[in-house]
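Starting from the structure of chain A, add chain S where the hints point.
Chains as they are written, first to last, in the working numbering: chain A, 963 to 1316; chain S, 963 to 1316.
Check the hints yourself; a few may be wrong.
When chains are identical, the list treats them as one kind, so a pair holds in a single copy or across two.
Unchecked claim - No more than 30 Å apart at the CA atoms, straight line, and that leaves these computed lysine-lysine pairs for DSSO-like:
{"id": "1", "residue 1": "Lys1152", "residue 2": "Lys983"}
{"id": "2", "residue 1": "Lys1143", "residue 2": "Lys988"}
{"id": "3", "residue 1": "Lys991", "residue 2": "Lys1289"}
{"id": "4", "residue 1": "Lys992", "residue 2": "Lys1189"}
{"id": "5", "residue 1": "Lys979", "residue 2": "Lys1126"}
{"id": "6", "residue 1": "Lys1189", "residue 2": "Lys1012"}
{"id": "7", "residue 1": "Lys1050", "residue 2": "Lys1119"}
{"id": "8", "residue 1": "Lys1180", "residue 2": "Lys1301"}
{"id": "9", "residue 1": "Lys1285", "residue 2": "Lys983"}
{"id": "10", "residue 1": "Lys1302", "residue 2": "Lys1269"}
{"id": "11", "residue 1": "Lys1146", "residue 2": "Lys1012"}
{"id": "12", "residue 1": "Lys1115", "residue 2": "Lys1044"}
{"id": "13", "residue 1": "Lys971", "residue 2": "Lys1012"}
{"id": "14", "residue 1": "Lys1296", "residue 2": "Lys1152"}
{"id": "15", "residue 1": "Lys1146", "residue 2": "Lys1078"}
Please keep in mind that the hints were generated in silico from the structure rather than gathered at the bench.
Number of protein chains: 2
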Amino acid sequence: MGAIEDYLKKTQPLVDKEIEKVFPKKIGKKWLEFALDKADFAYDEETITKSAAEPIWEFLNRGGKRWRPALTILSCEAVGGKKELALKMTPLIELVHEGTIMADDLEDNSQTRRGKPCTHLLYGNDIAINDGNLMYFAPLTLLYKNPYKLSEKQVRKIYDLYGKEMIRVSIGQAMDIYWHKGSKTSISEKEYLQMCSYKTGVLARFAAKLGAILGNAKPEQEKALGKFAETIGIAFQIQDDILNLVGEEFQKGKGVGEDIHEGKRTIMALHALQHAGEAEKTRLIEILNSHPASQETINEAIEIIKKNGSIEYAKEKAKTLVKQAWKKLNPVLKESTAKKTLKDFADYLIERKI
Amino acid sequence: MGAIEDYLKKTQPLVDKEIEKVFPKKIGKKWLEFALDKADFAYDEETITKSAAEPIWEFLNRGGKRWRPALTILSCEAVGGKKELALKMTPLIELVHEGTIMADDLEDNSQTRRGKPCTHLLYGNDIAINDGNLMYFAPLTLLYKNPYKLSEKQVRKIYDLYGKEMIRVSIGQAMDIYWHKGSKTSISEKEYLQMCSYKTGVLARFAAKLGAILGNAKPEQEKALGKFAETIGIAFQIQDDILNLVGEEFQKGKGVGEDIHEGKRTIMALHALQHAGEAEKTRLIEILNSHPASQETINEAIEIIKKNGSIEYAKEKAKTLVKQAWKKLNPVLKESTAKKTLKDFADYLIERKI
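Isolated chain A (complex conformation):
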């Protein structure tokens, strides 16, 4: 466990340095002319810095584990590719991810992120939406300017991957939003896992496949790495949901039970709804649909979930999914430090306490 934390701690500042190359903290003519060509009229660098670079970097500087970039680097290394190249391309995955959570916060009407007020509360909805979008696109300079001389085939594969995964992310989010409006009465576990796969698994898969493409992986390696990463993304989401309900340290972040307040149909809520008696089931639906603000009501829902063994069930589910994906990945990768770290990585994400 400590080893992975160390690994992430070492990787994070390196990733952030690459992000800064792709989207600087201060926007000047140099970046604008590189990314967008010379101005036809006149650039206003100060405005662009204030309206885009500052809010985005305020957000990035709050931290975050940067575990998706780590997946890119490890996947590239595990197929024999160069970690330096993978590192340089990580902004493509991390900026997109950060963009989705900036948007998520606004969509969920969240108050805090990483211990600070959400971007829409600090800078306004307009800036949060627009800068979230900008983060989806800004790293595309890594493809259309191709500064690291990827092959035509690599660029095309990464573009294709980007297109498909971005649609999946939006579709996953569409499902999540619709469900926690309480608009659908019964959701199956498979549907839930599909949503998770698209909402959270997808960017992990994107990260791993990006690394595989950069390392010129064999098709079966790329596929298995993608699937493994997707699965640890799902497991990460499940663990996130668990911590949201019972995490001791979670108070520092989003607030315990915010998912109940948002009415989220997590795998635990679904399991509890399936296994609780009639009265408890009715009460849990009632609470989820009422989007309660009172901690007492939220705790009541958490109790119903705990009582039905749903937390333990979710933990087991996460472990099983990862185990299955590892079984498919293991035989297609030669032994290496990167391979070993990938395995530890999955365990770390499932076991983490924060």
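Positioned in the frame of chain A, the structure of chain S alone reads:
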């Protein structure tokens, strides 16, 4: 004038049919498996339809001129390409455009769009943000699935174009947002035109360049078509701003003077601020920064703008810009019906009353 309106009226339903192929009104397994592969777990088509397809089609069905797709088709034809292929690829430009206006409405906190309540008011902020994003990505199936067998080179060029133009759109919007917060005291006309070029010109350029690429245009044709379209995009925006202040029929839509309410630094506001006396200038800034709701105060600002000849100035500016761009386009295109229509098109967009 009538001819262009007829042309657009004929083109619109054809474009919408292509959009429907790319993103259907009802999401079923067929589309999901085509665009996103077979589900690892299970799709919930009903939820995806309700949460994504319905709000998006409710929005698309309100109308809109579809003039950007028309630019794609005409540009392709004008360089000797096939209009059938161009038509099939138009969802790439139109869906992206519609996505930006769904997001804009939320960012500007607008109330109505095309005579109906904005999407965020009908379906909630979460759905409006997410579906706006989905519209940016959904048409990428036209590239990564490549159903119309474009060449490798064409696909790459269109991806590259997409990347760059999407960053430009976000940067243009970032400027516009920051300015109408009143956060910058003096904006030059060149900076304003740059913002316009990025916010509105860019998707017109994208449209024309898309057509040019599909028609295998020569580099100088692609460039001149892009510039011409960008310019008519800017002119369209200027005309939009003019109509917002003095358009007789505008009541049906956004409401007269909403730009004043939003504090927008339009080219007219900038011109008036430059030419008005001290007292009027101070008053106009005061009004723009106060985001007035009262029609009386809004009218006061419009009067200051009118009095300083700023509406006439804006009209002239739009015409001059288009004239200059046409001068560069004219010599690189052979005479053709498409070329003639392109010219008429520009005149139509500048002269339009609604």
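Inset, instruction - Hints the structure violates: just list their numbers, smallest first. - result: 9, 10 and 14
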